[in-house]
Amino acid sequence: MSFFSSTNHNQKDIDKVINTKLSTNGKALYLAQDQGLEHGVYEFDNSSINPEHVFTIAEKGEVDAFICQKGLAEKYASSYKTNIILKVNGKTAIRKHDEPYSAITCSVKRAVELGAKAIGFTNFVGSQHEAKIFDDFRKIQEEAHDYGFPVTSWMYPRGEAITSDTDAEVLQYSARVGLELGADMLKMKYNGNPEDMKKQIACGGRAKMLMAGGNKTNSTDEFLKQVEEVNNCGAFGFAVGRNIWQHEQPIEVTKAIRDVQIRGLSIQDAMKRLKSEFEITNVSIPDSVDSNEETENKNFPPIPPQN
Amino acid sequence: MSFFSSTNHNQKDIDKVINTKLSTNGKALYLAQDQGLEHGVYEFDNSSINPEHVFTIAEKGEVDAFICQKGLAEKYASSYKTNIILKVNGKTAIRKHDEPYSAITCSVKRAVELGAKAIGFTNFVGSQHEAKIFDDFRKIQEEAHDYGFPVTSWMYPRGEAITSDTDAEVLQYSARVGLELGADMLKMKYNGNPEDMKKQIACGGRAKMLMAGGNKTNSTDEFLKQVEEVNNCGAFGFAVGRNIWQHEQPIEVTKAIRDVQIRGLSIQDAMKRLKSEFEITNVSIPDSVDSNEETENKNFPPIPPQN
Amino acid sequence: MSFFSSTNHNQKDIDKVINTKLSTNGKALYLAQDQGLEHGVYEFDNSSINPEHVFTIAEKGEVDAFICQKGLAEKYASSYKTNIILKVNGKTAIRKHDEPYSAITCSVKRAVELGAKAIGFTNFVGSQHEAKIFDDFRKIQEEAHDYGFPVTSWMYPRGEAITSDTDAEVLQYSARVGLELGADMLKMKYNGNPEDMKKQIACGGRAKMLMAGGNKTNSTDEFLKQVEEVNNCGAFGFAVGRNIWQHEQPIEVTKAIRDVQIRGLSIQDAMKRLKSEFEITNVSIPDSVDSNEETENKNFPPIPPQN
Amino acid sequence: MSFFSSTNHNQKDIDKVINTKLSTNGKALYLAQDQGLEHGVYEFDNSSINPEHVFTIAEKGEVDAFICQKGLAEKYASSYKTNIILKVNGKTAIRKHDEPYSAITCSVKRAVELGAKAIGFTNFVGSQHEAKIFDDFRKIQEEAHDYGFPVTSWMYPRGEAITSDTDAEVLQYSARVGLELGADMLKMKYNGNPEDMKKQIACGGRAKMLMAGGNKTNSTDEFLKQVEEVNNCGAFGFAVGRNIWQHEQPIEVTKAIRDVQIRGLSIQDAMKRLKSEFEITNVSIPDSVDSNEETENKNFPPIPPQN
Amino acid sequence: MSFFSSTNHNQKDIDKVINTKLSTNGKALYLAQDQGLEHGVYEFDNSSINPEHVFTIAEKGEVDAFICQKGLAEKYASSYKTNIILKVNGKTAIRKHDEPYSAITCSVKRAVELGAKAIGFTNFVGSQHEAKIFDDFRKIQEEAHDYGFPVTSWMYPRGEAITSDTDAEVLQYSARVGLELGADMLKMKYNGNPEDMKKQIACGGRAKMLMAGGNKTNSTDEFLKQVEEVNNCGAFGFAVGRNIWQHEQPIEVTKAIRDVQIRGLSIQDAMKRLKSEFEITNVSIPDSVDSNEETENKNFPPIPPQN
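Protein chains in written order, with this note's numbering: chain A, 16 to 322; chain B, 16 to 322; chain C, 16 to 322; chain D, 16 to 322; chain E, 16 to 322.
Quick caveat, the hints were computed from the structure, so don't treat them as lab data.
All values reported here derive from a predicted model rather than from experimental measurement.
A portion of the hints provided could be inaccurate.
Said to hold, decoys possible - When the alpha-carbon atoms are kept at most 25 Å apart in a straight line, the in silico DSS-like pairs for lysine-lysine are as follows:
hint, chain 1, residue 1, chain 2, residue 2
1, A, K154, E, K147
2, C, K124, D, K42
3, C, K154, B, K124
4, C, K231, C, K204
5, D, K132, E, K27
6, B, K124, C, K132
7, E, K36, E, K154
8, A, K132, A, K42
9, B, K31, A, K124
10, E, K124, E, K31
11, C, K132, B, K96
12, B, K147, C, K204
13, B, K154, A, K124
14, A, K36, A, K147
15, C, K147, D, K27
16, B, K42, B, K75
17, C, K147, B, K124
18, E, K111, E, K36
19, E, K36, A, K204
What the hints assert, rightly or not - Restraint-style ranges between C-beta atoms, simulated for each label pair:
hint, chain 1, residue 1, chain 2, residue 2, range
20, E, K36, D, S234, 51 to 59 Å
21, D, A108, E, D60, 52 to 60 Å
22, D, T178, B, S93, 52 to 60 Å
23, A, A176, E, A183, 26 to 34 Å
24, D, N233, A, A176, 51 to 59 Å
25, E, D60, A, D28, 28 to 36 Å
26, E, N208, A, V32, 53 to 61 Å
27, E, N247, D, I277, 43 to 51 Å
28, E, G207, A, H54, 53 to 61 Å
29, A, A176, C, T178, 41 to 49 Å
30, A, D28, B, S93, 46 to 54 Å
31, C, H54, D, T39, 44 to 52 Å
32, A, D28, E, N40, 34 to 42 Å
As the list claims (entries may be wrong) - Computed far set for chain A versus chain E, every beta-carbon distance over 10 Å:
hint, residue
33, Q50
34, K147
35, E237
From the three backbone atoms N, C-alpha and C, an ideal C-beta is built for every residue, glycine too.
Make the full structure from the sequences, and use the hints.
Here's what the structure looks like:
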């Protein structure tokens with residue numbers, strides 16, 4: 016069904032893509048925005064609703080890649096230099112999904128044609144639909160590897176048998192499942208316990224661990240603390256959404272994460288630098304602004320011209 | 016499975032089709048008739064039951080495209096100059112569909128062979144069948160884009176979690192889903208609140224917003240008022256069915272919409288012109304007329320000769 | 016999946032097949048026998064159980080085509096000159112089917128290889144399985160059209176929402192569905208009201224209407240009366256089974272239908288001719304006869320030699 | 016999906032295979048053993064558990080073909096001269112199947128590569144899964160015919176609407192279904208009434224009737240009596256399993272069936288010959304014998320050496 | 016869908032692979048580790064969690080093959096000389112599976128590209144999903160055989176009709192099912208009764224029997240006793256996981272199995288040799304060790320460096 020660049024499947028080539036194109040000094044930072052599909056538009060404010068705004072953060076924040084669905088990649092990505100990790104499955108939150116399944120929303124072939132550098136896929140381990148999900152994953156993973164594309168798997172435990180999706184053993188089991196199924200990177204929750212994260216990373220073996228950013232934390236300090244802890248556990252990197260684009264200083268916080276992750280700055284120093292940088296770069300993102308902003312519907316973007 | 020005109024998927028080429036072939040002065044007006052499948056024949060009167068009648072309205076009303084199912088395209092479209100947007104999924108209303116799913120009724124390949132200019136597809140977001148619908152949409156959208164065809168998605172919230180399909184947030188969420196999944200145009204309801212529509216348009220981003228015409232309004236004024244409001248919100252255009260072909264002056268009302276949408280006429284001026292034009296063009300549509308019309312079954316068309 | 020005679024899909028070519036090969040003077044008469052699958056063998060008597068008998072009626076009665084399932088086409092059709100319309104889906108009546116679905120029983124490719132001239136397909140509109148049925152129909156209809164084959168659709172309303180499958184509006188809606196889905200001919204019930212049939216025909220538009228023969232009527236007069244009425248409504252033709260092969264004068268009654276349908280004979284004149292013809296052709300069909308016929312199982316055919 | 020020996024589908028060629036390769040003097044006798052999958056190993060004794068034993072019976076008994084599943088064909092058939100009819104669907108009896116469905120266990124392509132001469136397939140008419148079964152059958156039957164392979168269909172009525180699977184009308188209906196779906200041979204039960212069987216054969220038309228051997232009868236006489244009756248009804252042949260390989264004189268009983276079926280011997284004469292032959296051929300089948308046989312697990316075969 | 020090395024399917028070539036590459040002196044010993052997917056990480060200790068550790072056991076223990084899922088094969092196998100049997104379906108234990116189904120986790124094509132020597136597949140006979148499982152197995156088995164690859168089938172009885180999965184008759188039936196479906200090797204439980212195992216082996220015919228190692232036994236003696244018994248029954252070999260890699264002397268116990276299986280040592284002698292070897296090879300496996308080991312989370316491996 017697919018045309019191959021090569022039939023010589025080679026994990027080394029795939030690892031090389033991760034190491035040379037999707038990381039910096041052996042560590043990865045990805046900006047993610049698929050909440051418009053997964054959660055709903057209540058997540059967005061006047062700026063973040065506009066994909067141009069978020070792409071600009073990705074580009075100016077110099078993240079290793081931007082994670083998004085096909086529609087954003089098609090309509091916006093060509094204007095920006097940031098690498099794309101194309102999320103190829105998803106669902107809405109309109110209906111409650113106790114036993115979730117995410118439909119395939121983009122073929123690997125199309126992701127390749129759109130110039131993406133890697134594939135993102137959500138595995139809901141434990142869901143009633145696990146078999147169908149694994150079946151999808153196999154096809155996606157193998158076709159991606161045929162193209163020499165790395166595959167990042169969201170390893171999310173779900174379903175009636177899961178009482179807590181941050182239970183240490185459940186997370187560790189999920190990491191191992193990701194490794195055995197053939198994921199190259201695992202995007203997973205951090206449950207706040209560094210020892211648990213170390214085991215989680217060990218269970219994932221040679222599949223590299225990415226901490227999922229999750230809900231916006233109460234303070235920047237709190238989030239950077241998590242970054243520092245998980246980085247110290249040996250994680251490969253971070254896939255962050257709301258803690259960046261819901262932040263009032265999205266580019267600066269991106270740089271602060273890097274300061275902690277790569278440059279070894281303490282949280283105090285990173286925070287200090289964040290505040291000083293703010294003075295300089297604060298106005299650099301072309302917000303969508305027009306007169307409507309003064310209305311009571313302020314938290315939504317103005318209408319961009321169409322055509 | 017498909018043969019490609021080109022493997023170089025290019026959103027710019029697709030946008031160009033919309034801008035050069037499927038709009039006028041950057042604004043679109045489409046006439047739609049798939050109610051014979053979706054709603055039942057009670058929607059039709061003696062004239063509108065006859066596809067020749069409705070194709071004639073499309074042609075003489077100079078709409079940018081006529082939206083219909085495959086059967087009408089195959090059997091009638093070659094006689095008319097109007098562009099076709101081929102609706103490729105659908106269902107009947109015989110059985111009640113609280114959690115609707117529309118079957119694929121036309122392949123993209125066939126739509127291309129029939130000379131259509133774009134594809135229409137209904138996404139019922141929130142339906143129990145959402146995953147299957149998204150799966151269908153992905154295949155249709157990607158094959159259409161492979162051919163360089165724009166895709167218009169009906170973004171209709173449905174299912175047990177939807178209490179109102181005109182709820183502002185639900186509509187805005189649905190618009191965003193359309194964008195993220197890769198629709199090029201979104202055909203959606205207008206809930207009557209211009210501020211909500213502005214947000215809805217913003218949520219759709221670079222996917223262009225088309226207002227769905229919906230039920231016939233009580234008066235022409237009322238409908239033109241909606242057109243004016245939504246146009247002022249920045250919408251790309253209108254996909255109208257019953258408010259045109261159930262109108263006693265279908266061609267004239269089409270022109271009146273254009274007067275408001277493109278020529279900037281006030282509703283009063285558009286209405287004035289509508290009434291004067293009526294004098295001239297009233298008899299221009301070749302109605303199916305024969306002696307049976309005088310029977311009590313007047314609201315149905317006479318029998319066309321077969322063979 | 017299919018090999019094409021041509022990729023230039025052309026409705027005109029398909030209509031030409033109907034007009035030149037599957038009708039006489041612009042009117043069609045088809046003999047149908049798939050009741051052995053759909054209803055059970057209780058429909059058959061000593062003669063009609065034998066497909067050779069029924070093929071002979073088709074040939075000698077000079078109908079425009081014989082409608083049957085693949086098995087009969089494979090094993091009998093090559094011995095007869097009659098055109099075949101191959102019915103490509105079906106089910107048994109062993110299990111009760113309130114929400115019916117008919118499996119595909121023959122591929123279009125095989126129908127073509129067997130020399131059939133058109134495809135027959137049952138659409139149960141309103142059935143719980145409507146989406147799957149429409150999906151099947153799309154594939155069958157498109158592949159048939161790729162080969163230049165007309166498609167006849169049985170448009171049968173079914174399912175929990177249908178209280179009567181001869182309700183006028185339901186029949187008219189079903190006719191329209193057939194048109195919009197791309198059927199070329201519609202095989203449908205006649206509810207006995209000519210005005211309803213006229214509307215039904217109008218709803219079908221350029222898809223040609225065939226009256227389904229249905230159960231054997233109480234008298235030949237009664238059936239010919241239906242033929243006359245429906246023909247006068249403008250129907251394209253008739254697809255008749257039991258009213259021919261359960262008739263004691265199957266060939267003569269076939270000619271009587273033609274007399275009414277094409278030659279404009281009154282029912283009285285047609286009946287007169289039927290009775291006189293009977294004298295001449297009565298013994299022309301090679302019935303399966305042997306000594307067993309005198310047993311009490313008289314209404315079943317004798318055992319044909321095997322191999 | 017398949018490669019064709021020829022696209023000229025020709026029923027005559029298929030019939031020729033049956034007449035020249037799969038029958039003797041116009042009558043067929045097949046030995047069947049798929050009970051290891053369908054029923055369980057309790058059907059087997061120390062000898063019949065070993066496929067080598069049963070293949071030897073087939074070869075020495077000179078049956079027209081041996082019916083088995085793919086595994087036996089792959090691992091044993093190449094050592095024997097007997098033709099294979101490959102049974103391509105099946106299920107276990109571990110779970111109770113009131114509404115049975117048999118999975119496809121062998122592709123037609125593989126059956127062809129293994130040198131089989133025909134295909135066997137079970138149609139459970141009336142089962143809740145009838146549509147899926149018919150769908151499978153269509154694909155199998157058409158691919159087999161593409162290769163010029165005859166198809167034998169087990170026509171077994173099943174499901175909640177079936178009160179007795181030996182009801183005459185149900186059997187006759189099932190035979191007709193087999194004919195209409197395109198089976199070339201029908202393997203069916205005999206309900207013990209010759210007049211019913213005659214009708215059953217007539218309902219099957221040009222699809223040839225094979226009586227299914229069924230459970231081992233109480234005596235050889237009783238079984239030969241069935242053979243004589245059904246043969247006299249005009250049946251094409253017999254597909255026998257347990258009445259041969261559970262018989263203490265499997266080869267001799269095979270020859271006795273032939274005596275009755277082809278040579279026109281009376282049951283008394285066939286029984287006489289069976290008993291005299293027994294003296295000569297009794298030890299001709301290489302039973303698996305070793306010292307373990309003296310244990311209490313006598314009714315199971317000794318362990319064959321592996322590798 | 017697959018490309019063939021040859022269309023001449025030949026069981027002899029497949030048997031040759033087993034005899035020349037996947038066994039030693041006609042007997043097989045495989046090390047298995049897919050418990051990380053099937054059971055959860057609680058099965059692992061500080062060493063066995065690391066696939067490098069287990070691959071090293073396989074290599075140094077000189078087993079005939081290592082059985083694992085695709086992910087381990089992709090990311091670790093190229094560094095080791097051990098043959099791979101790629102397990103191509105699986106599921107997690109997060110959700111309880113009374114009627115289990117294992118999704119396909121690796122295509123045959125990919126297994127071939129990864130250099131595997133054979134395919135592993137779990138058949139849950141009796142499960143509610145048996146038909147889907149058999150359908151999967153047919154495709155996998157046939158594609159594997161097209162490549163000349165042997166197929167090992169886990170024959171595991173499951174579902175509501177199974178009261179004990181070590182019931183002798185159920186095991187024997189399952190073995191026969193494996194043979195009839197076309198498995199080349201059967202991985203099955205030993206119920207502790209040698210006479211039952213002999214029958215089980217006989218039921219499997221020319222499909223070779225492998226005993227599944229199962230839970231870690233209480234003592235090494237106990238496990239070696241099983242090995243001796245089953246080997247004496249004529250089994251082809253053993254597929255062992257936890258009884259090797261949960262053993263404190265994994266390499267030595269591997270050699271002890273071989274001593275019993277191939278070299279005919281008594282259990283006493285094998286145990287003696289095991290204990291003496293221990294002195295020499297005890298430190299030969301490069302355990303993942305670092306300072307974290309002194310923490311309370313000792314039973315988990317330290318964090319390997321990533322990239």
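Status of the hints after comparison with the structure:
no.	hint	in the structure
1	K154(A) <-> K147(E)	holds, 18 Å
2	K124(C) <-> K42(D)	violated, 33 Å
3	K154(C) <-> K124(B)	holds, 12 Å
4	K231(C) <-> K204(C)	holds, 13 Å
5	K132(D) <-> K27(E)	holds, 21 Å
6	K124(B) <-> K132(C)	holds, 24 Å
7	K36(E) <-> K154(E)	holds, 24 Å
8	K132(A) <-> K42(A)	holds, 16 Å
9	K31(B) <-> K124(A)	holds, 23 Å
10	K124(E) <-> K31(E)	holds, 20 Å
11	K132(C) <-> K96(B)	violated, 32 Å
12	K147(B) <-> K204(C)	violated, 34 Å
13	K154(B) <-> K124(A)	holds, 12 Å
14	K36(A) <-> K147(A)	violated, 31 Å
15	K147(C) <-> K27(D)	violated, 35 Å
16	K42(B) <-> K75(B)	holds, 18 Å
17	K147(C) <-> K124(B)	holds, 20 Å
18	K111(E) <-> K36(E)	violated, 37 Å
19	K36(E) <-> K204(A)	violated, 43 Å
20	K36(E) <-> S234(D): 51 to 59 Å	holds, 53 Å
21	A108(D) <-> D60(E): 52 to 60 Å	violated, 43 Å
22	T178(D) <-> S93(B): 52 to 60 Å	holds, 56 Å
23	A176(A) <-> A183(E): 26 to 34 Å	holds, 33 Å
24	N233(D) <-> A176(A): 51 to 59 Å	holds, 54 Å
25	D60(E) <-> D28(A): 28 to 36 Å	holds, 33 Å
26	N208(E) <-> V32(A): 53 to 61 Å	holds, 54 Å
27	N247(E) <-> I277(D): 43 to 51 Å	holds, 49 Å
28	G207(E) <-> H54(A): 53 to 61 Å	holds, 54 Å
29	A176(A) <-> T178(C): 41 to 49 Å	holds, 45 Å
30	D28(A) <-> S93(B): 46 to 54 Å	holds, 51 Å
31	H54(C) <-> T39(D): 44 to 52 Å	violated, 38 Å
32	D28(A) <-> N40(E): 34 to 42 Å	holds, 39 Å
33	Q50	holds, 26 Å
34	K147	violated, 7 Å
35	E237	holds, 23 Å
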